[in-house]
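Visitor: Sequence:
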Amino acid sequence: MSPDTLPDLPPLDTPGVHPLPADGIAGLVSAAGAAGIRLHRIDLAARRGKAGLLAALAEGLSFPAWFGHNWDALSDCLADLSWLPETCVAVVLEHAEHLAESDPDDYLTMLEVFAEAAESWAAEGRRLILFAPRPPRRCDSPQPD
1 MSPDTLPDLP PLDTPGVHPL PADGIAGLVS AAGAAGIRLH RIDLAARRGK AGLLAALAEG
61 LSFPAWFGHN WDALSDCLAD LSWLPETCVA VVLEHAEHLA ESDPDDYLTM LEVFAEAAES
121 WAAEGRRLIL FAPRPPRRCD SPQPD
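The numbering of the sequence shown is the UniProt record's numbering, which starts it at 1 and goes up by one.
Quick list of simulated restraints, FRET-style, between CB atoms:
no. : residue 1 : residue 2 : range
1   : D43       : D23       : 15 to 21 Å
2   : P64       : H98       : 25 to 31 Å
3   : H69       : L108      : 14 to 20 Å
4   : E59       : H98       : 15 to 21 Å
Treat the hints as calculated values from the structure; they're not laboratory data. Each residue gets a CB set at the ideal place from its N, CA and C atoms; glycine is no exception.
Construct the complete structure from the given sequences, taking the supplied hints into account.
Guide: Spelled out as structure tokens, the structure:
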């Protein structure tokens, strides 16, 4: 089975930030395996807030000891990832919905950092792919009565 034959998945050759498939990650895991791509599964079920999110990413992607647990350090590590042998790094955030709901600003910042790193990787002919739950819809404008 190739990733292109799975209807709800973005192709695994497309760097960037993608929503999790609506039917769960089983198809994504299967597609990654068929394509020979290691999928870094990061479970956020027990993580809370920015500190928990950054710690989970550091553990899941084997960040070096110098990782500073802030957004700039996340950007630096994602731009490098030289300690991982693959030229395509695919990451899936599992059980992240609670974090997206409870800390939407931090969640959106994390998505932006990944998107910027993926763009940088693409310019170098490498692929960084993140599959994550969609952020909650927010409307800052007044609602009609």
